[in-house]
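S.K.: These are the residues of each chain, in order.
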Amino acid sequence: MTYFLLKRIFLIIPTLLLIALTAFFLSKLVPGDPADSMMTLQGITSDNPREKQEYAKLYKDLNLDIPLFYCSLLPNFYPDNINKIIDRDERSLTKALLKQKVPFHAIQNYLKSRNIFLSMSTQDALTKSLWSEWTNPIRFKSDLNVLVAISTKQQPPDHQLQSVVNQLITSIQNMKSGQIHFYYPSWRWQGTQNQFHQWLIQIFKGNFGISTKDGRAVLPKIGTAIQWTLLLSIISLLISLIISVPLGLYTGLKQGTRFDKVNQVVWLIFYAMPVFWLASLLIIYCTSDRYGSWLNIFQIPGLWYIPKGESTISAFLNYSHQLILPIICIVANDIAPFSTLVRNNVIEQKSKPYILMAYAKGLSPNKILFNHILPNVMLPLITIIGGRLASAMSGALIIEVIFNIPGMGRLMYVSIYAGDWNVVFGILIVLGTISMILLTISDILYAWYDPRVRSKIRKA
Amino acid sequence: MHLQKYLLFILLFLGFVSCKTNTDTQESVINIRLKKDPDRLNPLISPNPISREVYQYIHLPLANYNPESLKLEPVLIKQIPAEMSIDTGIYQGGTAFDIEFKDEAKWDNGSPITVNDYIFTMKAINLPLTDAGKYRSLTENITDIIPDPDNKRKCRVIFAQDYMLALETCVNIELYPQYFYDSLNLLGTYAFKDYTDENNEQLKNDPTLQKFATNFNSNIFSRDKISGSGPYKFVSWTANQYIVLEKKENYWAKKSSIPDLMQGPDKMIFHIIPDEISALQQLKEGNIDLINEVSADAYADLEKEPYTKNKFQFFHPALIKQYYILMNNDDEILKDINVRKALAHLVDIESMIKNFEQGKAIRTTGPIHPLKKTYNTSLEPIPYNLETAKDLLAESGWTDSNQDGKLDKNISGKNKNLELEILITGQELGKNLALLLQESARKIGVDIKIIEKDMKLIRAENVRNRKYQLIPSILSQDLQTWDDMSKWNSENNTPDGGNEIAYKNREVDALINKIPETKDEDERINLYKNIQEYIYNDQACIFLYAPEERIIISQKWKATATARRPGYLANTFQYVGVTVPNQ
Chain A
1 MTYFLLKRIF
11 LIIPTLLLIA
21 LTAFFLSKLV
31 PGDPADSMMT
41 LQGITSDNPR
51 EKQEYAKLYK
61 DLNLDIPLFY
71 CSLLPNFYPD
81 NINKIIDRDE
91 RSLTKALLKQ
101 KVPFHAIQNY
111 LKSRNIFLSM
121 STQDALTKSL
131 WSEWTNPIRF
141 KSDLNVLVAI
151 STKQQPPDHQ
161 LQSVVNQLIT
171 SIQNMKSGQI
181 HFYYPSWRWQ
191 GTQNQFHQWL
201 IQIFKGNFGI
211 STKDGRAVLP
221 KIGTAIQWTL
231 LLSIISLLIS
241 LIISVPLGLY
251 TGLKQGTRFD
261 KVNQVVWLIF
271 YAMPVFWLAS
281 LLIIYCTSDR
291 YGSWLNIFQI
301 PGLWYIPKGE
311 STISAFLNYS
321 HQLILPIICI
331 VANDIAPFST
341 LVRNNVIEQK
351 SKPYILMAYA
361 KGLSPNKILF
371 NHILPNVMLP
381 LITIIGGRLA
391 SAMSGALIIE
401 VIFNIPGMGR
411 LMYVSIYAGD
421 WNVVFGILIV
431 LGTISMILLT
441 ISDILYAWYD
451 PRVRSKIRKA
Chain B
1001 MHLQKYLLFI
1011 LLFLGFVSCK
1021 TNTDTQESVI
1031 NIRLKKDPDR
1041 LNPLISPNPI
1051 SREVYQYIHL
1061 PLANYNPESL
1071 KLEPVLIKQI
1081 PAEMSIDTGI
1091 YQGGTAFDIE
1101 FKDEAKWDNG
1111 SPITVNDYIF
1121 TMKAINLPLT
1131 DAGKYRSLTE
1141 NITDIIPDPD
1151 NKRKCRVIFA
1161 QDYMLALETC
1171 VNIELYPQYF
1181 YDSLNLLGTY
1191 AFKDYTDENN
1201 EQLKNDPTLQ
1211 KFATNFNSNI
1221 FSRDKISGSG
1231 PYKFVSWTAN
1241 QYIVLEKKEN
1251 YWAKKSSIPD
1261 LMQGPDKMIF
1271 HIIPDEISAL
1281 QQLKEGNIDL
1291 INEVSADAYA
1301 DLEKEPYTKN
1311 KFQFFHPALI
1321 KQYYILMNND
1331 DEILKDINVR
1341 KALAHLVDIE
1351 SMIKNFEQGK
1361 AIRTTGPIHP
1371 LKKTYNTSLE
1381 PIPYNLETAK
1391 DLLAESGWTD
1401 SNQDGKLDKN
1411 ISGKNKNLEL
1421 EILITGQELG
1431 KNLALLLQES
1441 ARKIGVDIKI
1451 IEKDMKLIRA
1461 ENVRNRKYQL
1471 IPSILSQDLQ
1481 TWDDMSKWNS
1491 ENNTPDGGNE
1501 IAYKNREVDA
1511 LINKIPETKD
1521 EDERINLYKN
1531 IQEYIYNDQA
1541 CIFLYAPEER
1551 IIISQKWKAT
1561 ATARRPGYLA
1571 NTFQYVGVTV
1581 PNQ
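Residue numbers (our numbering), protein chains in the order written: chain A, 1 to 460; chain B, 1001 to 1583.
There's no promise every hint is true.
To be verified - Using C-beta positions, here's what the derived DEER-type ranges look like:
id: 1; chain 1: B; residue 1: 1250; chain 2: A; residue 2: 223; range: 52 to 62 Å
id: 2; chain 1: B; residue 1: 1421; chain 2: A; residue 2: 52; range: 28 to 38 Å
id: 3; chain 1: B; residue 1: 1496; chain 2: A; residue 2: 444; range: 54 to 64 Å
id: 4; chain 1: A; residue 1: 207; chain 2: B; residue 2: 1085; range: 36 to 46 Å
id: 5; chain 1: B; residue 1: 1219; chain 2: A; residue 2: 15; range: 55 to 65 Å
id: 6; chain 1: B; residue 1: 1447; chain 2: A; residue 2: 261; range: 52 to 62 Å
id: 7; chain 1: B; residue 1: 1085; chain 2: A; residue 2: 80; range: 27 to 37 Å
What the hints assert, rightly or not - Now the stretches of chain A that chain B is said to cover, found in silico as 3 or more residues with beta-carbon under 8 Å:
id: 8; segment: 32 to 44
id: 9; segment: 98 to 105
id: 10; segment: 121 to 129
id: 11; segment: 192 to 203
id: 12; segment: 287 to 293
id: 13; segment: 403 to 415
In case anyone wonders, no lab produced these hints; they're calculated from the structure. For each residue, glycine too, the CB sits at the ideal point set by N, CA and C.
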């Protein structure tokens, strides 16, 4: 058993590393630039004259100027670290030209002469109007063939810029003539000064970065949300089990009776009903006098304010008012699968020889049910409860949004909507970890509870 | 079995206590719905509208726009300073403003509001380590702040270079108490003049300043410890749930009639309720007193419904922003002014206002908001007219030459259909607008393809490279008289620049450059109007309309609405306690 435990725990480590790796690379694949998101948080827009400086500051602060990973496998004409180019415009232009197989040194020369040309050709109204046909494509186009076509255009009669333009044309021609036709992949070691390494160190320190939506640290933000989700999922799971296990046992024993049929239909209707619909119906009909005061049973959910100095009982009552409707919705949805599972297992077990044997021995039906059938019915339930609890950690999105519960589902929804990827990938790691732990616990419990598995482990 | 009975008892008990009880409604406590959790309650580092909805009662600027007249009026200072030209000395040719704080103005600890607090605030902005990047572009124009040696409440603000937004920069920035945010006077190491770009590296590497910036940017001063000169004090903030503000006792401006300084309800509770159905249900039940940004349909329903129409006050003040469609003026097809004009005739703006906004919006014809005196009223709104659009396109050679029902043109020997792309995000309004435009265009044989994309991707892949044709967007503005027109200057047609539509007009560039040096107000207004006329004639964009805010307030409060964001000032409300029984 100890070996089994150690093996299960040891397996968590590589899985978590894999989750971290996935989360990191997914975070790099999502649209947008983290430095841009931080600028949005600070209210810096593109028409702010200091936009470039602020971008450069944030880009460096966020470690975006170092390589992505410990190693890279890139075409041999690529630079070691393209992230070193802080200017967004130059970086994207470089990437576009590299894709067209232009060697990096030729691109650098082009960028140099391009910058000189752009600054000189727009320095006053006169030069600006003379070179307007050239400046825009040079500024925005990254297609090498388009650039070559521009460089062959008729030049305006402006001798002041002659040498600058010649330099620009030469650099474009050099890019064209230097285009690489044959290249090989080159393996480069980037060292530990890379984004993943730095990020992982921070993750181990419990620093998941800050939310680009509100500047709060990610981990406390997740911590606050998970409390609500835990509360909601544990209470609703407990209530679901309290209702569905006895119900399943009873209907399993009374298979085919009218009660069994009606019970199945009723819970299947609730199961088939979309949660958002049930939630909206309950809010609209059962929280106001509009459709008769007799229907006005519950408080409207959504107000969490507890005045200062309120007693614990009062706070408890307030939370009960807030949580009863969402719990009803979740439980109504859970009872059908849970009770059906128990019912079917009871039906399966009760026809087995050992039960017939128990009857033959003269055991009472209650004893047979609780001492013999129930333990066997509990086995598949343990697996399902473990998985259910793990998935519940991600929050019941619709329930949390409709009932204004600041849990994980709502946090995830709001963060994805706002493009707050630090929080999204933070949640991914936290949930991955929790799910791993819960599933391991469920495995261990299963092994401990089921003598067949226990003996297999012992033999192994 | 005992355990099961016990659990059943708990279940019944929970069910019982969870049922309805009478909620106490306190007088003079206003419950306001917030659509989402504000970022941070630190105006310098988080100047967004949701945060402003809360911090406007805690942090005050020296002067602010009157909610009724929308004119800049003194709040913490004695009067709006007059602009003075500097004729002699090292700052010759520059301008100066004399600022004097009110004698009675005090912080929460009883200490007077002085020039030191003002200099501290400006230093905090200019320090490159703080997150106040938005304001740095304004305050970097201030060359020096010279305190009056005989009066600690008075100083002179110097602008060595002429700057159009000098007055707003001096007085329309929230003031911070130095004793609270920098009790150790860490920013005192350097004089205000030293906080410049030239000293950037030195400032960035100074450990004292780093310590200050870390604290200032942190959650401590954004969520936990918040203090300002406003009439309300911060009490608590439970993330994603509620924020509580309380009226300050012994407030120095208790009897003031200046809107920003007034004290109304004893307590303000901001409830964060993202879902509109839940929020409206709370409003109907009387648990919420105020809700803004109500969707057009819900607002119209509640306004008509007998159950609610007498229970609430309905306001729809103007919003200083407008919707428009960006057109890439550099695009091969949209380069042609006739195509741009034709597209403008294809948008049925009146129908949009009627259907999307329930009639609550003002049509616009240019980049200035119609409420401003710089708005050019002589420009006629472009009518929805498919025939005119067709004629304009025919003038540019787009005709149905092959009789296939689609407009085409011979370009470089090849027959090309007129096909355009409109990029939209997930926003409902953008989607509806795109569909409306697509439908109108289809009627005259123009294909418009709708592409839905993430806004960040649109910015990075399309706007920055000017690889787009049409994008519906929002033009947000402030209340200041002199709008920044650099967005329309061809100098800013760069990947990082604000001229995202690649608009080029030499006359407009010249007019924009002339604005700062024009001191005569009428002449300056004319410049703005001329710029609008050029943009209108060039049909640089399709200007749609300025929407109105939709606010519903309980009859319990004597309230007014304003065009100043967020559309209401809860501290000016008075409790009248009118109760209308449920129907």
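S.K.: Next, verify each hint and record whether it holds.
M.R.: So, going through the hints one by one against the coordinates:
1. Evaluation of the 52 to 62 Å hint for residue 1250 of chain B and residue 223 of chain A yields a failure: the beta carbon distance comes to about 38 Å.
2. Hint check: residue 1421 of chain B to residue 52 of chain A, Cβ distance near 29 Å, so the stated range 28 to 38 Å holds.
3. Under the hint 54 to 64 Å, the C-beta atoms of residue 1496 of chain B and residue 444 of chain A, about 56 Å apart, fit the expected range.
4. Checked against the given bound of 36 to 46 Å, the beta carbons of residue 207 of chain A and residue 1085 of chain B, roughly 52 Å apart, lie outside it.
5. Separation of residue 1219 of chain B from residue 15 of chain A is about 33 Å and departs from the stated range, judged on CB atoms against 55 to 65 Å.
6. Separated by about 57 Å at the C-beta atoms, residue 1447 of chain B and residue 261 of chain A satisfy the suggested range of 52 to 62 Å.
7. Hint check: residue 1085 of chain B to residue 80 of chain A, Cβ distance near 55 Å, so the stated range 27 to 37 Å is violated.
8. Counting residues of the segment 32 to 44 of chain A whose beta carbon lies closer than 8 Å to any beta carbon of chain B gives 9, which meets the minimum of three for the stated coverage.
9. Counting residues of the segment 98 to 105 of chain A whose CB lies closer than 8 Å to any CB of chain B gives 0, so the stated coverage by that chain is violated, three being the minimum.
10. Given as covered by chain B, the segment 121 to 129 of chain A passes the check, having 4 residues with a CB less than 8 Å from a CB of that chain where 3 are the minimum.
11. Given a C-beta distance limit of less than 8 Å, the hint that chain B covers the segment 192 to 203 of chain A is violated, as 0 residues qualify and 3 are needed.
12. Given as covered by chain B, the segment 287 to 293 of chain A passes the check, having 4 residues with a CB less than 8 Å from a CB of that chain where 3 are the minimum.
13. Counting residues of the segment 403 to 415 of chain A whose beta carbon lies closer than 8 Å to any beta carbon of chain B gives 6, which meets the minimum of three for the stated coverage.
Checked against the numbered hints given earlier, this structure breaks hints 1, 4, 5, 7, 9, 11; the rest are met.
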